[in-house]
Amino acid sequence: MERFEANPVDIVITDVSMGKMTGIALTQRLCARSKTVKVICLSMHNEQEYVESASKRAQLAIY
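The numbering of the sequence shown is our numbering, which starts it at 4 and goes up by one.
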């Protein structure tokens, strides 16, 4: 988040599973700070139900 605040960008690519924070949480924080940022959140999860649940909690669209 510090990097984003210091150097705002138009697009962020992240993973669902990360060390300190999930990609879902990061996406929520980024979108709360910027109305124009676009986020691509990748996942290796093979279960559609998991991805749909996570996206609903973060209010994300699945493509």
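None of these hints come from the bench; they were simulated from the model. One should not assume that every hint holds.
Said to hold, decoys possible - Here are the simulated lysine to any residue pairs, SDA-like style, with alpha carbons at most 20 Å apart: (1) Lys41 with Asp13; (2) Lys41 with Glu52; (3) Lys41 with Pro11; (4) Lys38 with Ser20; (5) Lys23 with Val42; (6) Lys23 with Lys38; (7) Lys38 with Asp13; (8) Lys41 with Ile14; (9) Lys23 with Glu52.
Verification of the supplied hints:
| no. | hint | in the structure |
| --- | --- | --- |
| 1 | Lys41 with Asp13 | 6 Å, holds |
| 2 | Lys41 with Glu52 | 23 Å, violated |
| 3 | Lys41 with Pro11 | 11 Å, holds |
| 4 | Lys38 with Ser20 | 24 Å, violated |
| 5 | Lys23 with Val42 | 18 Å, holds |
| 6 | Lys23 with Lys38 | 24 Å, violated |
| 7 | Lys38 with Asp13 | 10 Å, holds |
| 8 | Lys41 with Ile14 | 5 Å, holds |
| 9 | Lys23 with Glu52 | 23 Å, violated |
Going through the hint list in order, the structure does not satisfy hints 2, 4, 6, 9.
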